[in-house]
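Chemist: Protein sequence lines correspond, in order, to chains F and H.
For the first sequence, the numbering used here assigns the number 1 to the initial residue and increments by one for each residue that follows.
For the second sequence, the numbering used here assigns the number 1001 to the initial residue and increments by one for each residue that follows.
Hints in this document: simulated from the structure, not taken from any laboratory.
From a predicted model like this one, the values you see are computed outputs, not experimental measurements.
Mixed in with the good hints there might be a few duds.
[Claimed, not checked] Not everything, but these chain F residues come out facing chain H in the computed CB check (under 8 Å):
no.	residue
1	V139
2	S140
3	I141
4	F152
5	I233
6	V241
7	M244
8	V249
9	V275
The beta carbon of each residue, even a glycine, is placed where N, CA and C say it ideally should be.
Residues per chain, in single letters:
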Amino acid sequence: MWRYALKRVMIAFFTVTTILLVLFLLLELMPGTPFNDEKLTTQQKAVIMETYGLNKPVLFRFTNYVRLMAKGDFGISYTMEKNRPIADMVGPRLGVSLAIGFQAVLLGTLIGIILGVIASLKHNSWMDSLASVIAVCGVSIPSYVFALALAFLLGYKARLFPILYDPSGSVMSSIMPTISLSMFTIATVSRFLRSEMLDVLGSDYILLAKAKGVDEGRLILRHGLRNALIPVITVLGPLVVSLMTGSLVVEKIFAIPGLGSLFVTAIQVNDYNVVVAVAFIYSVMFIAVMLVVDILYGIIDPRIRLAKGGER
Amino acid sequence: MMDVAFRKDDFEFAARAKDEYDSLDVSHESFWKDVAVRFMKNKGAVLGACIIAFIVALAVFAPMFSGRTYKTVVIEHASLPPRVPLVEKLGFMNGTVEGVDRYAEAEAKGVHYPFGTDTLGRDLWTRCWVGTRISLYIALLAMLIDIVIGMSFGMVSGFLGGKVDLAMQRFLEILNGIPNLVIVTLLVLVLRPGIMSITIALFIKGWIGMSQVVRAQVLKLKEQEYVLASRTLGTSTVNLLRREVLPNVLGQVIIMSMFSIPNAIFTESFLAFIGLGLQAPMASLGVLINDGFKSFLVYPHMVAIPTAVLAALMLSFNIMADGLRDAFDPKMKEM
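Bound-form chain F, shown alone (with noise of 0.2 Å):
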């Protein structure tokens, strides 16, 4: 087990090296210095270059670099708010994103649940089927569009909620964009948990727990559902994926000042240092799920660990 778990503990390291490293060499790479100010002589330029550091050998700033990205300082905000520090910018921000993604997490898991649920026990009736058709929808209509099509209809014809998001954290404003978000979750874990209960129920110790006189809602959800739901962990890395490229349309549907719309912006304006931050962040979160994921399920089932090659 903790060789497993050591081996995905340094493939995860690799991985954020590897980002780092794209990261730092696109700063290397783009043309033009900090100091392109034409009344600099070629010494004045190299005393700044001295101050900054930028004269020492590339491993020597790579590591500074690394360092610094670790530490979270990200530099400074070059266009969108000058010289804010990042950290700054982004501390807020990725609170608010965060909780509302956690909602739709916890709404969209909740529902698809017991989607799940009811069309492995109605199998093959109209309730299945309609569990399908939204998992279907879910998977393959992208978020933004439930978000707009909710904004419209619920939000501007039948004004129940306000259409932009409060910041000031009122619960209401945040429901629109939780539903729109929590539709791929739901789809996804409804599918899966479908598939795995029918999987479970149909098996020998169901059977015998039936004979045996347990009754119905126990049998259910003692004996089935907490064995059905294990498996769907693994739903959870596409889920980030989806929650985090969501977050980004549904941010600026809704006028969300999260994450998100923090990364579309600086894209907009070029800010470099906020996108990189940004990119820096959502990928360190993307695998630290992934890291998670892959040792909690080693955990749960062995034969994972065991596969040659790391398998999965």
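Place chain H on chain F using the hints.
Modeler: Coordinates of chain H only, in the frame set by chain F:
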């Protein structure tokens, strides 16, 4: 003991007449024919395929025959709602919004814009179908990349095994750890937004899922006796892969490549929506949705139509891929 005599008509074939069974030759019912038959039985999948065919036809022909281009600006005709000949007589899509004939206001009585116009007076019918071409291009590209890069990577990695496999898999795992979003945005940063960055991003990461599936299949296949037999007879590695392994992974490859299409289409439209995709006056479905979104409370048709086309396209590809998977491997149906 009683002597029982059987008569000729004592037993009957249950389903078909006897001579029908005699003439039934199943030996040449090939795998591909089976697949086609099973696919055709799946109504949803066939419907999906029809919708895709319909959208493709419109994307190819509609801009040619619309008589307008996707970038001609007619400022007098700005923001007109949809108006379709013939259908308008039924009382909807007749160019009126809340009882006001917008076409009369714009002094465009005899003009028909089936999907309306955008805020600059560009014909949305043409723009929409020209934009669909971009989505279809992306779909084709994603499929090609999946098949060419993903399949060869997976086959080589799985078949050669050993150190090569180890190195290739580590490389892949590291690549897989980098979120797609990050790759695309960095490309956009360096190359500027446009179809090129999306294409390159697809080349970098679009094929990973496929290569993993193919590798797993090849690992299974290469242990089989028939491959061993062929190898013993002196078949070269290239020929082993091409003649013995490839035909057996092809089904999986087709299924996987179909599933990667909706993903790729989504990526393009999503990037365009956040302003990193194609730039105006070029049109793609994402660009149209992005443009329409700016005034979607006032002119819902501008965003509703491209969104509907996009959703229909992605839904159809997904359903068709589902149907193909069931057709190739009926055992997987319960999955």
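Chemist: Each hint: holds or not?
Modeler: Hints and how they fare:
no. : hint : in the structure
1   : V139 : holds, 6 Å
2   : S140 : holds, 4 Å
3   : I141 : holds, 5 Å
4   : F152 : holds, 6 Å
5   : I233 : violated, 17 Å
6   : V241 : holds, 6 Å
7   : M244 : holds, 6 Å
8   : V249 : holds, 6 Å
9   : V275 : holds, 6 Å
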